[in-house]
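The chain contents come next:
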Amino acid sequence: MELLNVKSVAKSYGGVIANHDVSLKVPKGKIVGIIGPNGSGKTTLFNSIVGHHPIDSGEIHFNGKEISSLTIPKIARLGMLRTFQQTHIYGKMTCVQNMQISSNIDADWKRVFNPFSKEVDEMVDELLSFVGLYKKRFLLAGDLSFGQQKLLEFAMALMKKPKILLLDEPTAGVNPTLINGLIDRLRQVNEEKGITLLVIEHNMRVIMNLAEHIYCLANGTMLADGKPEEIQNDQRVIDAYLGN
Amino acid sequence: MITNDKQNTLIWLGLAISAIVPLILPNHITVLTYIWVMIILALTWDMLGGQTGYTSFGNILFFGVGMYVCAVVQRDMFSSGLDRFERVSEVVVSLNASEYFISLAVGTFSGAIVAVILAVILGSGILGMRGHYFAICTLGLGHAAAEIASGIDYIGAGSGMVAPLYPSELLIGKEVFYYYAFLLVAVATFFLFRKIYRSQFGLALNAIRDNENKAESMGIHTTQYKIAGWTISAFFLAIAGAGVGNVIGFIDPVEIAFSGPTFGVWMIVMAILGGKGTIWGPVLGAVILYSAKETFWTYLLGWDKVALGLLILIVVVYFPKGIIGYFKDRKQLSNSILSQKGDS
Chain A
1 MELLNVKSVA KSYGGVIANH DVSLKVPKGK IVGIIGPNGS GKTTLFNSIV GHHPIDSGEI
61 HFNGKEISSL TIPKIARLGM LRTFQQTHIY GKMTCVQNMQ ISSNIDADWK RVFNPFSKEV
121 DEMVDELLSF VGLYKKRFLL AGDLSFGQQK LLEFAMALMK KPKILLLDEP TAGVNPTLIN
181 GLIDRLRQVN EEKGITLLVI EHNMRVIMNL AEHIYCLANG TMLADGKPEE IQNDQRVIDA
241 YLGN
Chain B
245 MITNDKQNTL IWLGLAISAI VPLILPNHIT VLTYIWVMII LALTWDMLGG QTGYTSFGNI
305 LFFGVGMYVC AVVQRDMFSS GLDRFERVSE VVVSLNASEY FISLAVGTFS GAIVAVILAV
365 ILGSGILGMR GHYFAICTLG LGHAAAEIAS GIDYIGAGSG MVAPLYPSEL LIGKEVFYYY
425 AFLLVAVATF FLFRKIYRSQ FGLALNAIRD NENKAESMGI HTTQYKIAGW TISAFFLAIA
485 GAGVGNVIGF IDPVEIAFSG PTFGVWMIVM AILGGKGTIW GPVLGAVILY SAKETFWTYL
545 LGWDKVALGL LILIVVVYFP KGIIGYFKDR KQLSNSILSQ KGDS
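Protein chains in written order, with this note's numbering: chain A, 1 to 244; chain B, 245 to 588.
Note that these hints are calculated values from the structure, not bench results.
Warning: the hint list may mix true and false statements.
Label pairs and their in silico Cβ distance ranges [claimed, not checked]: (1) B/Arg438 with A/Gly132: 29 to 37 Å; (2) B/Leu544 with A/Lys118: 42 to 50 Å; (3) A/Arg111 with B/Gln576: 55 to 63 Å; (4) A/Arg111 with B/Leu257: 28 to 36 Å; (5) B/Ile558 with A/Tyr13: 12 to 20 Å.
Backbone N, C-alpha and C fix where the C-beta goes; we use that ideal spot for every residue, glycine too.
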């Protein structure tokens, strides 16, 4: 069953067509990749899916529900979260605070004025250990290195126990040693926590290893899709993106 | 680092001293009262301005609204007679002790409620705006309110209103009563705000300050939090306004109630001076700025505003994050150096 189903989505900025007739399906529990040259509309597609901007036409179904007219916080609460190409963290807050605030708060206005519960704090410790930032937990998030911030952002997303995680270039700017660790963790999250992943990635080694199904965007349209080996051998993809 | 217990001990010690100060310095009681007022103003401004990073130039609106609503309730609750509409600014209502305190309590509370309603309505309209746009939008609030108040005869229009006389038959004088009243409100505001900043709500405000887009993408309804924060500020600010109207005894729309250049600017400067975004910063800033202002006024009359300006300039240049912010940064720096040493 598809957890996320994007049907013929179009989005243009003025005269620039960022997405045209883009469709993709992300089955529950799978890892799906999106590749494409710079400016091919990958991030625009992410933005459309999470409600960052209204789409011009098309439909987006998440868990059987049409979400294209919902706001970002509402979609996030349904269980769909995204991370950003450039890290988005709360720089003047400690790692622990970054994690705490990413838990599910404010369901009840009365409880919002209480401190965070013990369960939240335990989960914070567990997830910070999981991404290897436990030792740095009391540092300001803004003082972490870029790679560490990416890990923190990833851990923050996990605090919300999302159904699906949209990762925008999770390995960009991360050093090779950390990349391997990150791939392992992404897999682990997918297998153990059952979180579906939709990943934009430029690093071919990473995405071919990670994803079970890959979509390739070019010039705002869906060029091809298939298993990693099919994509690698697809002449259109090679011409548009992979080069020789 | 000062532990919570130590901090509380210091607070109680400070409060004990504050409680007996009027007995030791009876001649300075009004100045001391105003220090508590300033603490309330700075603390309430900081909820949005410091913790959330949303600079508001319009908080004075709630101060003035509290002042006016309270004064009207005090005037009309126990007395009637339509002739007063002719020259409202000259009407002085005399109340007996119980009438005075009942109408003061009801008036203060009504003022706070009206301010809360205003904050919700205004906030829904303009708190969807981000950062500077919000700041610009709040610029005219106080001024507009002063203009509107100046046009309403019921509240004395441009000539203002007179607060009821403090009942003379009481043992406790007006100054002493308002000193302790403001002490109580300031302390209550402090403890409540400290609780809020340590809660989930407080962290949400900080998250909005650091990265509102992220907060939103993580499912936090940021506008609702901003409105709630502003509303809480408005509530306490209106209470302060209600009291100040009575302390001064005369309410002028431009010079007192919606006075942007004095109370309106001070609350911002005090929070920044002490360190915005911290609980102690506004308190410290209020004490320092108001003490400095009074000292300069006493000893440097004529040059007092220049001296005050110089003080603010020095702080902004050398302590851009305020006094508390400066020490916090140093602590954070040593923390991060320690942790790097620990890594290697």
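These are the hints, each one checked on the structure:
no.: 1; hint: B/Arg438 with A/Gly132: 29 to 37 Å; in the structure: 34 Å, holds
no.: 2; hint: B/Leu544 with A/Lys118: 42 to 50 Å; in the structure: 56 Å, violated
no.: 3; hint: A/Arg111 with B/Gln576: 55 to 63 Å; in the structure: 30 Å, violated
no.: 4; hint: A/Arg111 with B/Leu257: 28 to 36 Å; in the structure: 33 Å, holds
no.: 5; hint: B/Ile558 with A/Tyr13: 12 to 20 Å; in the structure: 47 Å, violated
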